[in-house]
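Engineer: One-letter residues, chain by chain:
2 protein chains.
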Amino acid sequence: MVAGTLLYAQSGGVTAVINASASAVITEARARKVKVLAARNGILGALREDLIDTSKESAAAIRALAHTPGGAFGSCRYKLKSLEVDSAKYERLLEVFKAHDVRWFLYNGGNDSADTALKVSQLAKAYDYPLTCIGVPKTVDNDLAVTDTCPGFGSAAKYTAVSVREAALDVAAMAETSTKVFVYEAMGRHAGWLAAAAGLAGKNPDEAPQIILFPERAYDEAAFLAQVKKVVAKVGWCVVVASEGIQYADGRFVADAGGGKDSFGHTQLGGVASYLAGRVKNELGMKVHWTLPDYLQRSARHLASKSDWEQAQAAGKAAVQFALKGQNAVMPVIVRTSNAPYKWRIEAAPLSKVANHEKKMPNSFLRKDGYGITAAARTYLEPLIRGEAYPPYGRDGLPNYVTLKNVAVKKKLADWEG
Amino acid sequence: MVAGTLLYAQSGGVTAVINASASAVITEARARKVKVLAARNGILGALREDLIDTSKESAAAIRALAHTPGGAFGSCRYKLKSLEVDSAKYERLLEVFKAHDVRWFLYNGGNDSADTALKVSQLAKAYDYPLTCIGVPKTVDNDLAVTDTCPGFGSAAKYTAVSVREAALDVAAMAETSTKVFVYEAMGRHAGWLAAAAGLAGKNPDEAPQIILFPERAYDEAAFLAQVKKVVAKVGWCVVVASEGIQYADGRFVADAGGGKDSFGHTQLGGVASYLAGRVKNELGMKVHWTLPDYLQRSARHLASKSDWEQAQAAGKAAVQFALKGQNAVMPVIVRTSNAPYKWRIEAAPLSKVANHEKKMPNSFLRKDGYGITAAARTYLEPLIRGEAYPPYGRDGLPNYVTLKNVAVKKKLADWEG
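Chain order of the listed sequences is A and B. Per full-length UniProt numbering, the very first residue in the first sequence carries number 1; after that it's consecutive. Per full-length UniProt numbering, the very first residue in the second sequence carries number 1; after that it's consecutive.
Just so you know, the hints here were simulated from the structure itself, not pulled from any lab data. Possibly wrong hints are sitting among the right ones.
Heads up, the list lumps identical chains together, so a pair's fine if it works in one copy or across two of them.
Taking lysine-lysine and the DSS-like style, the derived pairs with C-alpha atoms no more than 30 Å apart in a straight line are [stated by the list, open to error]:
| hint | residue 1 | residue 2 |
| --- | --- | --- |
| 1 | Lys325 | Lys412 |
| 2 | Lys35 | Lys410 |
| 3 | Lys410 | Lys306 |
| 4 | Lys368 | Lys230 |
| 5 | Lys234 | Lys412 |
| 6 | Lys287 | Lys89 |
| 7 | Lys287 | Lys359 |
| 8 | Lys81 | Lys405 |
| 9 | Lys317 | Lys234 |
| 10 | Lys230 | Lys405 |
| 11 | Lys411 | Lys234 |
| 12 | Lys229 | Lys79 |
| 13 | Lys234 | Lys33 |
Could you put the whole structure together from the sequences, leaning on the hints where they help?
Structural biologist: Quick look at the structure:
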């Protein structure tokens, strides 16, 4: 074995393919005879010295990881603050890294994780500890800077477009005597990438989704209701896709408007789709149904995009290669070199250019009326949902997802009092 | 061509595989040189003499119909009452049938449709009109009597079990610092068949879903919250599957309790999952997410069960065979002849035994504590979700679902004044 340990951790909301990156990381490291530990529950595991020995997992389990959704080692929502404010935590990390001879730290996550990886690399440098930090990109939100797209997004996008197309066929069949309006709530608090992906379900404005509501456009209720009425008059029914992050012109989230009191006086949980559905029902008197897929959209490995899956693995593999070459404080990003045929390659981008930046949706992706996507958006989005990458299924009709053994490494330090 | 016309119509909520039955009906009829018309929007199209000439559809389109969800000819929620009350409508139907030389009427739906087909057959007999009426089974609710299962249910069941398994992996990965409880709302107003199918996602009580709430058991909020607390204490997180039809001991639907007023005073649309999620959040102070898949669960052709798909086609084919043999007022039903290996065959059952009956879930399928399914339930359910039957996908990453031309037949009668 090569001297030194590679530490891998997962961070933030998990996706259908983050484990594909993990699988590629471990596979590549094994090929290069590098020992891989994984932190349990992301950076928390590193702070707690709760580390998993991945060498206890069989080659078959690591292969199966590539088709298993969720985060196999546990993830976390835990943001480290600045080096000054959280100095004790950063120093504890370094202490743990030293204790386990961690020379390479791979943090698989979004903006915050890139920021954490960057700060850890800065601290190591300040302490003269030889450490190479790599960010591995992951997020269904597609809001990471520099990279053309983020592993995780393409599969959630495919789930969204396919689900909207299927639900639309249902609504179209029933509209004469039943549901006329169907509202689909897509993830995306700040940017409407997944809502935009729904636009791939239809090729022309009369095909579903006839209305997409983006957080990039102020929600104007009167205009929205008038548009629904217009679509139903013309098409006979209407599918609305709403981003969870849509806001009124004054910046209030529509989702928050939905939360009131139930008939027992309990606080209701908000939701954009249920709110919009209620408005359509009350104001237009139309029968309406709505869906909130929630976590289903980011964990639907059964409907992963092959492009996305390949990129998740390529990012994991490149992360190990960059790490072993000592390319410190970088992230493997996807560079698109051609739309038709779709071609891409992996490059190393400085974490400083990724951390704390947010990729917005270009204005040119939104149709002038704000209710749909443009040809430019299709050109960008379509390759990302291309191809199928089915998991294997068992005789029981269910996907064969793997559960790792996750054997803990013996602790060498005193308990963390964080 | 054989003299006479076969009329096919779709009724009630559509499914992922009702078009597979339609495809099999048309394919079998074509092989036997029988002309097939389809009523647009179910029985309404028959009443309106709005009939579709299926001979205008290519063989490729009819093949593609077998992997297309929704209802290709349009469906309806329209219940004909008794022969006495709705005599004018039944007589109109007979008039339309005579005008188009309809000798065989195939109605693809649930209980109500079986009832309609039965009544039409009775009327034809009373009028001495030579007509053979066949019910073709369809419903995601699995509540049809006599048949072992209903085409449509197996695919919705597979969607449910797979989605719950995937979401559980997400929750398990995030529970340490984020969502601890996830609530999944399954269709089923009167019987918990789909909620029970979710139980296939886990093999032991600590695997998700740890709690299933069935309409067959009174909802006891204190007991439910205590159970959630217990599961989270033991497992670290909890996935709850709730049937939309769960009721309090006094018979009130929990879904109705959820409907209150939002912060603007608008009526909120109810929902079991959002209600339960709110209770967990407020009473246990745990972070909670929920999903309402709604129509996605019954239109998810991308995740169809192969067993279900084959049965839907077998039912369609048998319906034509029974019709041409003059087996009047029957429905092709599925008879299970063996669990291991799973074997089944199609038989003809009298519509009178199906119409207005409802298949309940056997008590032996529910675990004693009411929160899970038994081995007997697994033995029954598991073969129904077995096998995958993927639709073909295009270069655009989306399933190639077909839209039929649905060319109308020239009307021969005066407009219906219904």
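Engineer: Give a verdict on every hint.
Structural biologist: Right, here's what the structure says about each hint:
no. : hint            : verdict
1   : Lys325 x Lys412 : within (28 Å within a copy, 80 Å between copies)
2   : Lys35 x Lys410  : within (15 Å within a copy, 75 Å between copies)
3   : Lys410 x Lys306 : neither (38 Å within a copy, 47 Å between copies)
4   : Lys368 x Lys230 : within (17 Å within a copy, 52 Å between copies)
5   : Lys234 x Lys412 : between (70 Å within a copy, 28 Å between copies)
6   : Lys287 x Lys89  : between (54 Å within a copy, 25 Å between copies)
7   : Lys287 x Lys359 : between (37 Å within a copy, 28 Å between copies)
8   : Lys81 x Lys405  : neither (32 Å within a copy, 60 Å between copies)
9   : Lys317 x Lys234 : neither (51 Å within a copy, 36 Å between copies)
10  : Lys230 x Lys405 : between (56 Å within a copy, 24 Å between copies)
11  : Lys411 x Lys234 : between (67 Å within a copy, 24 Å between copies)
12  : Lys229 x Lys79  : between (45 Å within a copy, 27 Å between copies)
13  : Lys234 x Lys33  : neither (64 Å within a copy, 38 Å between copies)
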